[in-house]
Amino acid sequence: MSDVLIRLSAAARRRNWWRTALLVLVLAGGMVALGLSERAPVRWWWVGGFGAFGLVAVCDMINRIYGSAALTAEGIEFRTFVSRRSISWDEITGIEKRVRSSRSGVWWDLRVVRVRGRSLAVPGTFTKRTGDGELDRKLVLMHEHWCRALDG
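So the sequence shown is numbered by the numbering used here: it starts at 1 and just counts up by one.
The set of hints was computed from the structure by calculation and includes no laboratory data. Where a beta carbon is used, it is the ideal one built from N, C-alpha and C, also for glycine. Among the hints, erroneous ones may be present.
Label-pair distances were calculated between CB atoms; the ranges are [claimed, not checked]:
| hint | residue 1 | residue 2 | range |
| --- | --- | --- | --- |
| 1 | Leu36 | Val106 | 33 to 39 angstroms |
| 2 | Ser37 | Val113 | 23 to 29 angstroms |
| 3 | Arg13 | Arg85 | 33 to 39 angstroms |
| 4 | Arg98 | Val32 | 34 to 40 angstroms |
| 5 | Gly131 | Val56 | 20 to 26 angstroms |
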C-alpha cells in the first residue's frame, strides 16, 4: 500500500491565506486604534494583550493551512506547522465527519476516534463548504486505508 498525503487543495490554501491576511489587518488596525486612544500607562497592556491574542490566532490559522495527514501502511501521521504525531491503525476505532457551528457559520472536518483518549481532528480536512466532495473523497480514502491495514 503506497503512502498518501491528505492536505488542503491549493485553492483552499489560497482562500485561507486571504482570510489570514484580513485577520492580520484587522488586528493591526485594532492595535493602532488602542495605542492612539488609551492613556500611556494603560495603553501598552491593551496593545500587548491584543497583540498576543492576534499572534495565537494567526499561528492557529497557519497551522490549519499547512497541516496534512500521511496515510501509511502502519497508520496515520499528522503533520502540522508545530508538531508531528503518529497513530497506528489498530489504535483507531473510527473515522468520522464532524460538524462545528459558530457565529460565523458551519464547519466540517474529519476526526479520528481512538481506542483510548479523545478524538483528534485530521489536519488538512476542514471546510466551510456544504456538501464538499473533496472532504467526502478524503473520508473514503482514509476508510479504505484503515480497512486494508486491519485486514492485513
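To see whether the hints hold, each was checked on the structure:
For the pair Leu36 and Val106, the supplied restraint of 33 to 39 angstroms holds, since their beta-carbon distance comes to about 37 angstroms. One distance hint, 23 to 29 angstroms for the beta-carbon pair Ser37 and Val113, is violated here, with the actual separation near 48 angstroms. A hinted range of 33 to 39 angstroms for the beta carbons of Arg13 and Arg85 is inconsistent with their spacing of about 21 angstroms. A C-beta distance of roughly 38 angstroms is found between Arg98 and Val32, which places it inside the suggested range of 34 to 40 angstroms.
The hinted window of 20 to 26 angstroms between Gly131 and Val56 is violated, with their beta carbons roughly 32 angstroms apart.
The structure shown violates the earlier hints numbered 2, 3, 5.
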